[in-house]
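Novice: The primary structure of each chain is shown beneath.
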Amino acid sequence: MQFIGHFHPLIVHMPIGIMLLGGFLLFYQGPQLNKFDKVISLAFLVGSISATLACFTGWLLAQSGEYDSVLIQKHQWVGIATAAIGWTIYFNKYKKVLAISLVVLIIITGHLGTTLTHGENYLFSSNKEENIEQKNIIVAKKIETVLKGKDSIKIVSYNEYKEEIKPILQVRCYNCHGPLKQKGGLRLDSESFIKKGSKEDIVLVVNNPLKSKMYTNLVLPMEDDKHMPPKGKHQLTNQEITTIKQWIANGASFEDKIDTITNSLKESTADSVYLMEINKVKAIGTKLLSVVKENRPIAINSATIELFKNKNILLTSLEEGSNFIVANFINAVPFNSEDIADLKLIKNQLSVLKLSNLPIKDSDIKIISNFKNITRLNLENTAITDESITYLNQLPKLEQLNLYGTNITDESLKQLSMYKNLSVLYLWKTKVTKAGIENFVKIKPNVKIEMGDFKFQKK
Amino acid sequence: MGHDPDFKIQHPDFEQLNKRLERRDFLKKTAGGLGALALGTLLSGSISSKTFEQQILDALPTIAPKAKRVLYLFMSGGPSQFETFDYKPMLSSMLGKGLPESVRNGQRLTGMSANQSILPIAPSFCDFKQYGKSKTWVSDLLPYTAEVVDELCIIKSMYTEQINHDPALTFFQTGHQLPGRPSIGSWLSYGLGSENKNLPAFIVLVSKNASRDQPLYARLWGNGFLPSQHQGVQFRSGNDPVLFLNNPEGYDGKDRKEMLSYLNKLNEMQNDIWGDPEVEARMSQYELAFRMQTSVPDVMDTSNETDEVFELYGPESRDKGTYAANCILARKLLEKDVRFVQLYHQGWDHHGSLPQGMKQQCKQTDQPTAALIMDLKRRGMLEDTLVIWGGEFGRTVYSQGKLEKDNYGRDHHPRCFTMWMAGAGVKPGMSYGATDDYSYNIIKNPVHVHDFQATLLHIMGLNHENLVYKYQGRRFRLTDVSGKIIKEILS
Chain X
1 MQFIGHFHPL IVHMPIGIML LGGFLLFYQG PQLNKFDKVI SLAFLVGSIS ATLACFTGWL
61 LAQSGEYDSV LIQKHQWVGI ATAAIGWTIY FNKYKKVLAI SLVVLIIITG HLGTTLTHGE
121 NYLFSSNKEE NIEQKNIIVA KKIETVLKGK DSIKIVSYNE YKEEIKPILQ VRCYNCHGPL
181 KQKGGLRLDS ESFIKKGSKE DIVLVVNNPL KSKMYTNLVL PMEDDKHMPP KGKHQLTNQE
241 ITTIKQWIAN GASFEDKIDT ITNSLKESTA DSVYLMEINK VKAIGTKLLS VVKENRPIAI
301 NSATIELFKN KNILLTSLEE GSNFIVANFI NAVPFNSEDI ADLKLIKNQL SVLKLSNLPI
361 KDSDIKIISN FKNITRLNLE NTAITDESIT YLNQLPKLEQ LNLYGTNITD ESLKQLSMYK
421 NLSVLYLWKT KVTKAGIENF VKIKPNVKIE MGDFKFQKK
Chain F
460 MGHDPDFKIQ HPDFEQLNKR LERRDFLKKT AGGLGALALG TLLSGSISSK TFEQQILDAL
520 PTIAPKAKRV LYLFMSGGPS QFETFDYKPM LSSMLGKGLP ESVRNGQRLT GMSANQSILP
580 IAPSFCDFKQ YGKSKTWVSD LLPYTAEVVD ELCIIKSMYT EQINHDPALT FFQTGHQLPG
640 RPSIGSWLSY GLGSENKNLP AFIVLVSKNA SRDQPLYARL WGNGFLPSQH QGVQFRSGND
700 PVLFLNNPEG YDGKDRKEML SYLNKLNEMQ NDIWGDPEVE ARMSQYELAF RMQTSVPDVM
760 DTSNETDEVF ELYGPESRDK GTYAANCILA RKLLEKDVRF VQLYHQGWDH HGSLPQGMKQ
820 QCKQTDQPTA ALIMDLKRRG MLEDTLVIWG GEFGRTVYSQ GKLEKDNYGR DHHPRCFTMW
880 MAGAGVKPGM SYGATDDYSY NIIKNPVHVH DFQATLLHIM GLNHENLVYK YQGRRFRLTD
940 VSGKIIKEIL S
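Keeping their order, the protein sequence lines are chains X and F. Note that the numbering used here gives residue 314 to position 314 of the first sequence, counting from 1, and the numbers run on in steps of one. Note that the numbering used here gives residue 555 to position 96 of the second sequence, counting from 1, and the numbers run on in steps of one.
In isolation and in its complexed conformation, chain X is listed as follows (with noise of 0.2 Å):
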């Protein structure tokens, strides 16, 4: 029996074509003329008792509850409506006013009939495919930062399944196996009715996608009868298909899974955090977003760029789409000392300031002093002397500093080594001396100092 049911795809197009047919006559052969009466009665005839024969079968394919039932019965009833009065015309009453019912009803049996094939949405959705593509590119990972205290760890987690998987099946399987339609007793729109399975098997089996039938009924040859998507429907891509094994050979997770940490300390600090479940860092979620917001600093615009482009001034990006700045005064020639304290402009962003052989002055330093993102600082063969570093003790985040060339002396060596963060000092051709050194080293014995004395011993 449920092989005639699947003849209903078939006969369903015979009451529409005959009865619109018949339809349109009506009103074409105008009230007085009945030549086409003939033709209008067979035409009803024949298409009620083809929609009666659609019913019958209609309801012989609903007998495999792969559909969804609330659909099937606004279907099955508009359906039996439409043969009804079909049938009501051929016996010859009230003719016009029920044959614009007929037409408005058949074309709702059909919507609904559609819609159950082919999924909901499927009348406008002409632009679906791109958007998945679109959707498949662009990853959205998650970026989470925890603070401590001085420290932050950044934790960026990622959801395969959600960016990844879900998309495909949307598109490649939902419309027979979602919400509307289960062929094979199969849905595979959420996370437990994946796990569940078909009426007959389980499809996924973590980690092993060679026996998961998500994905070898994916690869079976296009003629074999367990071929999904089946023959004529939308293939799934190459790359679609490796995603969904890959996905099921990592262990087909639904979770948020941990992509990197960084810290920007200390490395070791992060491995407590690798042990911390993903769901307690979530809970941490949008508010530390909204740190990692204020903590960074927004973006320079164009017009800025432009106005340091237009003084020789070289701005670049700290890092592929940072928003810190490196600005870089080696076309700045001759010097101008208005120049720096136009930086004021992007002081939030300013990370690393390149001075080189420049005839830079103490009191340039001093307004250097309120960039406090300053990170690197190259000063050397500048003009500057030991009150500079009296000055730059302000940038707290100071880690490398170039003062080759310059005319400082041990006095800002006593001074350096009250700097919080200063980790990489050159110093070669500076008055500083050996005992300064010595001192400078007991106290701050991390700094990498650089004093150029390299000989080579073979002579």
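For the record, the hints were derived by calculation from the structure and aren't laboratory data. By construction, the Cβ of each residue, glycine as well, lies at the ideal position given by its N, Cα and C atoms. Certain hints may be false.
[Stated by the list, open to error] Chain F regions said to be covered by chain X (calculated; three or more residues, Cβ under 8 Å):
id, region
1, 652–658
2, 821–833
[As the list claims (entries may be wrong)] Once the Cα atoms are required to be at most 27 Å apart in a straight line, the calculated BS3-like pairs of lysine-lysine come out as:
id, chain 1, residue 1, chain 2, residue 2
3, F, K588, X, K309
4, X, K420, X, K444
5, F, K791, X, K309
6, X, K431, X, K455
7, X, K245, X, K233
8, X, K195, X, K245
9, X, K458, F, K886
10, X, K458, F, K818
11, X, K195, X, K166
12, X, K35, X, K74
13, F, K592, X, K309
14, X, K347, F, K656
15, X, K444, F, K592
[To be verified] Beta-carbon label-pair distances, calculated as ranges:
id, chain 1, residue 1, chain 2, residue 2, range
16, X, I202, F, D939, 42 to 50 Å
17, X, T114, F, G639, 48 to 56 Å
18, X, S302, F, D895, 36 to 44 Å
19, F, N922, X, E411, 45 to 53 Å
20, X, S302, F, S950, 31 to 39 Å
21, X, V424, F, G555, 49 to 57 Å
22, F, M718, X, P334, 20 to 28 Å
Position chain F against the provided structure of chain X, taking the given hints into account.
Specialist: Leaving out everything else, chain F in the frame of chain X:
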């Protein structure tokens, strides 16, 4: 197809280009105008709106650049690994014995040694000692390099696909063995731009004191299909460092600026009509050339260098055009923030009389190379300059031609060779990879030329798979269709 007014790539250059295009019918444009849009693959981000999380993600770097500049010391000809860094003590007792077939395993040989009746093993004539805290084995031909060996990251497991000079050189410099693709320096100029507006981003220096056994050609520093402002510019020794840069005789150059600004106007008009990137390239080159009339003599002048510097780089450093003098020049160019400086030193192709040849080559290059590293270091430049030393392939364990204990030759060997990197982005005092007892096959951590190139781009903050240029319907990369980053050597 009409010109969609909403079509925008979010980048100042393209907004500018779009502005020009708006005034004219899109269809009137030649392919040149469309070619310019291909740049968008590199410069434009996603046009669609982004979630807040995505924006944060974007704000964080995917790759953190370690280096701002590259100094590539190209030892053209294929220096022997046996006489430099790849110490093979087992060979010393095997003088003249045939190379076991199990080692060669049927691999191809060049036409120069393929018909030898025997492939006699030639042990290295050099003594090796361990140097530095890293206890790295270095040949006694490189006493100065040995002193700075703790700064080097030595890769002993390089391999290439090419067995002869021209394709192997081209492969190393452009990622493909056939000519026509952009050189590494051109890719970097295209991807990162120039810092110093008065000098080209890619400068080439060729030693005059090397034997010209194998030729070099300007296409090795060519821009290929990239816009021509990205080509390498060769600086020569002598009175005319950049050809055709000086004013011709009898012309005082006073109205040069006026002439150029008028020419610029004309070019601007052409550019408005055609939008051909080559017109823009020409305009920027004229402007740069004008500025180079003063900047080049300035940077080429080493008279301000102290005696200490010349002593550090060795006796030949006072003789302009030698490798040693070029090393000083290279440091000066890097100080000026030139993005990519490439030195070529020829004469490493020792098919015969290798001991004599290697002695001379090493004498010319050893001290200046080591000095350059230490000079960069004391100026604070080694932390953001990547220094690379190496040739296009290695040499065979067996002797080509007659073998004596102190006189032999070695043929080309692409299956393994040594090169080193130092400075920004790489671990100092490291040796990576290993070869078998004959230095014939790699037994650990092979590094393909494309892997090397991918790593180089990574250290410069570029993703080798994203740095693409669309040309004749295909997106081209330096690493062609392969290349993986050697994460183990990254600092």
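Novice: Does each hint hold? Answer for all of them.
Specialist: Here is what the structure says about each hint:
Counting residues of the region 652–658 of chain F whose CB lies closer than 8 Å to any CB of chain X gives 4, which reaches the minimum of 3, so the coverage claim holds. Given a C-beta distance limit of less than 8 Å, the hint that chain X covers the region 821–833 of chain F holds, as 4 residues qualify and 3 suffice. Taking the CA atoms of K588/F and K309/X, the gap is near 52 Å; set against the 27 Å cutoff, the hint is violated. Our distance criterion of 27 Å between C-alpha atoms is met by K420/X and K444/X, whose separation comes to about 10 Å.
A threshold of 27 Å between alpha carbons decides the hint, and for K791/F with K309/X the separation of about 24 Å falls inside it, so the pair holds. Taking the CA atoms of K431/X and K455/X, the gap is near 19 Å; set against the 27 Å cutoff, the hint holds. Only pairs whose Cα atoms come within 27 Å are accepted, and K245/X paired with K233/X is accepted, the gap being roughly 20 Å. Taking the CA atoms of K195/X and K245/X, the gap is about 16 Å. The hint holds against a cut of 27 Å.
Between K458/X and K886/F the alpha-carbon distance is near 25 Å, which keeps this suggested pair within the 27 Å criterion. Taking the CA atoms of K458/X and K818/F, the gap is about 17 Å. The hint holds against a cut of 27 Å. This hinted pair checks out: K195/X and K166/X have alpha carbons roughly 14 Å apart, not beyond 27 Å. For the hint pairing K35/X with K74/X, the CA-to-CA distance comes to about 38 Å; that exceeds 27 Å, so the pair is violated.
Proximity of K592/F to K309/X is assessed by CA-CA distance (about 46 Å); at most 27 Å being required, the pair is judged violated. Simply put, K347/X and K656/F have alpha-carbon atoms about 24 Å apart, close enough for the 27 Å limit, and the pair holds. For the given pair, K444/X sits about 23 Å from K592/F by alpha-carbon distance, which is consistent with the 27 Å threshold. Checked against the hint of 42 to 50 Å, the C-beta distance between I202/X and D939/F comes to roughly 44 Å, which is consistent with it.
At roughly 55 Å, the beta-carbon separation of T114/X and G639/F lies within the given 48 to 56 Å, and the hint holds. Between S302/X and D895/F the beta carbon distance is about 56 Å. The supplied range of 36 to 44 Å is therefore violated. Restraint check, N922/F to E411/X: a C-beta distance of roughly 46 Å satisfies the suggested window 45 to 53 Å. The hinted window of 31 to 39 Å between S302/X and S950/F holds, with their beta carbons roughly 34 Å apart.
Here the CB-CB span from V424/X to G555/F is close to 53 Å, well matched to the stated 49 to 57 Å. In this structure the hint that M718/F and P334/X lie 20 to 28 Å apart at CB holds, the actual value being about 25 Å.
In terms of the numbered hints stated before, the structure departs from hints 3, 12, 13, 18, listed from lowest to highest.
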